[in-house]
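Peer 1: Now for the letters of each chain:
2 protein chains.
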Amino acid sequence: MASNLTVNGSRLWETILVSASIGKGPRGGLRRLTLTDEDRQMRDQLKHWAQDGGYRLSIDRLGNMFLRREGSEPSLPPVLIGSHLDTQWAGGRFDGVLGVLAGLEVLRTLDDLNLQTRRAIEVVNWTNEEGARFSPPMLCSLAWSGQASEEWVNDRIDKDGVRFADALARIGYRGEAPVGGRTVDAYFELHIEQGPKLDETKIPVGIVIGGFPSYGARVAIQGETAHAGPTPMAKRSNALIGAAMVAVAVNDIGWAHAADDAKATAARLDLVPNLPGILSEYAQLFVDMRAPDVNRLARMKEEFLAALPGCAERSRTQISVAEEWGFGVFDFDAELIALLRDTARRLGIPTMDLRSQAGHDAYHMAKCAPACMIFTPCKDGITHNEAEDIVLEETLPGVNLLLNAAVARANR
Amino acid sequence: MASNLTVNGSRLWETILVSASIGKGPRGGLRRLTLTDEDRQMRDQLKHWAQDGGYRLSIDRLGNMFLRREGSEPSLPPVLIGSHLDTQWAGGRFDGVLGVLAGLEVLRTLDDLNLQTRRAIEVVNWTNEEGARFSPPMLCSLAWSGQASEEWVNDRIDKDGVRFADALARIGYRGEAPVGGRTVDAYFELHIEQGPKLDETKIPVGIVIGGFPSYGARVAIQGETAHAGPTPMAKRSNALIGAAMVAVAVNDIGWAHAADDAKATAARLDLVPNLPGILSEYAQLFVDMRAPDVNRLARMKEEFLAALPGCAERSRTQISVAEEWGFGVFDFDAELIALLRDTARRLGIPTMDLRSQAGHDAYHMAKCAPACMIFTPCKDGITHNEAEDIVLEETLPGVNLLLNAAVARANR
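Residue numbers (this note's numbering), protein chains in the order written: chain A, -16 to 395; chain B, -16 to 395.
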């Protein structure tokens, strides 16, 4: 059965436009941070779509939303398709959104065709994927996959001091379903690439074979307050200058490895007290480095650590790595990757293998279930920017691949 | 009359200790930001001292407090001695405080000696000198000297969005006296040097001949948001990196001129949105440069402006000077400087001429009255730091100079 199904592209696009009208950003994108009123409104919309389609909605205690289209053998572990509906502070209309709504379109297409799969298919909207409000990103798939406790998630604090649990309760999306603890047959996530490769090559589908080895660090720079006016240069210990030197060094490392598709980022800098008239006594800088292979990443990390003493000496500050972490060193499920490749070949869809450079909920799901990802093109690779854009026709091959592969898996 | 008067050093020290107990910082200094509860408590204390001494207290509509010891000819313009009792976020116990309390000690010494001066002597505590809460610093002497309107001052907003007028009303120090508009015979301000010269040379008094030519700029860096992970280096326009490059360039300029006693500072950096996961699209950096002479300052400013295009190109951001200002190019009153020199010679107090590198209320008062400043030593030049320290014995020569010169002027 189910040899060459196709989704309804215009219906998919309409759902995307509905989403794009909820929590509009000032420049045509979205600012729909997790657990805000805008997020609630989008969740209400998804709930409404679930009711319309007759999909059973279950919401767990962290607000993760599951829309279930029942299979002929309800006791079998379901196939899960998901992503997230929250966005960045200056987010686009497709990052995350496309993955959830493509899942919804899969369910609707099966309704159109009156096809029942053997296993149920569920579409999931994960809470707080972006990490733009509560840290870390991919927070609730982390817990769902058994890698963090609910208590720990509930105690996460946003920058205004609001607890995750309180924000979730406020918007009325603290459900009753347990968080995780059930078997999933397979997890599929479709996402815009967030890089320029598919757009440049005009290949419509990226089969994501795994993560991009990544290294993160929180650098602490300790200086000393002093008057910003008379204090002689030789007596200064300005944390801002120490942090600026580290940021420039990190950027230089990124450029030194750019030809090999590596990146190094200083994305966030906090200063204390950050006032005119007084030199800052403390700074923390968040550093992120990504490389296509672990050896290059190890070299970049070495160069980064080697740069710190020089920055400290030149700025007369104390600089240390206060915290560090790594991620992205893993491969997605070989069987699912083979299924995607075979299905694409059968459908005549050109694909290329890619590694995901951004984190995704699929990273965490890969720890508790066979997981895979499909990338679709995004214009110029622009993302986390309101100008983020896609072309429907270039996106549909990926969505059709998702449909056919998920159905094949659900009928297994 | 009044040929060689001396203050009561231990009484002065006691008042300083009382002040040091109000709004204590976590590390032994003061955190007594203007118009906070701590500031109110210190103002209440000053009011109490005024009542004890029988000095007429008048508070103007911006909260500036004047303690008047009447002269034998009350209709003559008074001699004013003043500074400020507010401090930085990480402030010391002496910056500003010493000047007000030295003035109080002058009044008390005249009481001890039962001396009435011809002109009244008034001690003033200026509101919001530091600029740590409301911008700009020296806010209320600016208005008092006729260089800003009360309305403009009242509408200043702190970083929490609180209006100056509301903060002032809240602590109950919105008085009824008009702001300025009366003639002052002379303005004296005693202040710790906030630099290391007196401490290094062990000369107890600096006669401040004028300001240190200073240039300030608010630099705007326009970037573009993008995903902090996958975005290729060549497609990034990270405002944080642009700002870091400017900060490093400014610091380098400071060092290039450090041997000539010049400084260049990047003290405050604001980033938008400053989140992990997304490159910042906007930054503003506050730059401050000070030099002993206008020619050197002009060179430094040229070097600064010349550095910006390179920073913009290397960071792929747009960098511009959004606002710039200058100050410090003026001399204090020649007659008062001569009075200070003559008086010090008569008292056998060694002095050196200095230019003030920090801004002071005396800068503004110099626009509406003959004004002068006396510097006293501070340990290692450390200031705007809780470790700020002085030695009473090294401070008393300056306070005695203030006493004798102010009395001489008041008897003129």
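A few of these clues could be false.
When chains are identical, the list treats them as one kind, so a pair holds in a single copy or across two.
Unchecked claim - Here are the simulated lysine-lysine pairs, DSS-like style, with alpha carbons at most 25 Å apart:
id, residue 1, residue 2
1, K284, K218
2, K7, K350
3, K218, K180
4, K350, K362
Calculated directly from the structure, the hints in this document are not laboratory data.
Peer 1: Now tell me if each hint is right for this structure.
Peer 2: Hint by hint, here is what the structure shows:
In this assembly of identical chains, the alpha carbons of K284 and K218 lie at most 25 Å apart only when taken from different copies (22 Å versus 31 Å within one copy). Within a single copy, K7 and K350 get their C-alpha atoms no closer than 34 Å, and across copies no closer than 51 Å, so neither meets the 25 Å cut-off. Taking CA atoms no more than 25 Å apart as the test, K218 paired with K180 passes between copies only; the shortest distance there is 13 Å, against 49 Å inside one copy. Within a single copy, K350 and K362 get their C-alpha atoms no closer than 31 Å, and across copies no closer than 59 Å, so neither meets the 25 Å cut-off.
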